[in-house]
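Using our numbering, you'd call the opening residue of the sequence shown number 1 and step up by one each time.
Derived from the structure by calculation, the hints contain no laboratory data. Built from N, CA and C at the ideal position, the CB exists for glycine as well. Where hints are given, some of them may not hold.
[To be verified] Calculated cross-link-like contacts (lysine to any residue; reagent style SDA-like; alpha-carbon spacing at most 25 Å):
{"hint": "1", "residue 1": "Lys-47", "residue 2": "Arg-32"}
{"hint": "2", "residue 1": "Lys-47", "residue 2": "Ala-26"}
{"hint": "3", "residue 1": "Lys-46", "residue 2": "Leu-66"}
{"hint": "4", "residue 1": "Lys-52", "residue 2": "Val-39"}
[What the hints assert, rightly or not] With beta-carbon atoms standing in for the labels, derived distance ranges:
{"hint": "5", "residue 1": "Glu-17", "residue 2": "Ala-38", "range": "44 to 54 Å"}
{"hint": "6", "residue 1": "Ala-22", "residue 2": "Ala-65", "range": "45 to 55 Å"}
{"hint": "7", "residue 1": "Val-39", "residue 2": "Glu-18", "range": "30 to 40 Å"}
{"hint": "8", "residue 1": "Glu-62", "residue 2": "Ala-41", "range": "45 to 55 Å"}
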Amino acid sequence: MTRTNDNGIDRDMTADEETEHASIIADNTARRAADDKAVTAQAAAKKSAYKKLAALGLTAAEIAAL
1 MTRTNDNGID
11 RDMTADEETE
21 HASIIADNTA
31 RRAADDKAVT
41 AQAAAKKSAY
51 KKLAALGLTA
61 AEIAAL
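The whole structure should be built from the sequences, with the hints applied where relevant.
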């Protein structure tokens with residue numbers, strides 16, 4: 001049983017509360033993983049764009065200005 005504290009009273013969670021708690025944790029874990037994946041994809045896209053612009057002959061200063 002998972003413990004919870006309601007207004008200073010320490011007690012075991014009910015089965016429904018534990019189910020909801022587990023669902024919230026799973027949802028947050030999935031969201032965090034999706035956010036991490038999006039950040040990684042954005043960084044990869046930025047690196048790729050930088051390489052493509054550099055291949056076109058732009059300087060680092062010109063790329064930064066974009």
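A quick look at each hint next to the structure:
no.	hint	result
1	Lys-47 - Arg-32	23 Å, holds
2	Lys-47 - Ala-26	32 Å, violated
3	Lys-46 - Leu-66	12 Å, holds
4	Lys-52 - Val-39	20 Å, holds
5	Glu-17 - Ala-38: 44 to 54 Å	31 Å, violated
6	Ala-22 - Ala-65: 45 to 55 Å	49 Å, holds
7	Val-39 - Glu-18: 30 to 40 Å	32 Å, holds
8	Glu-62 - Ala-41: 45 to 55 Å	25 Å, violated
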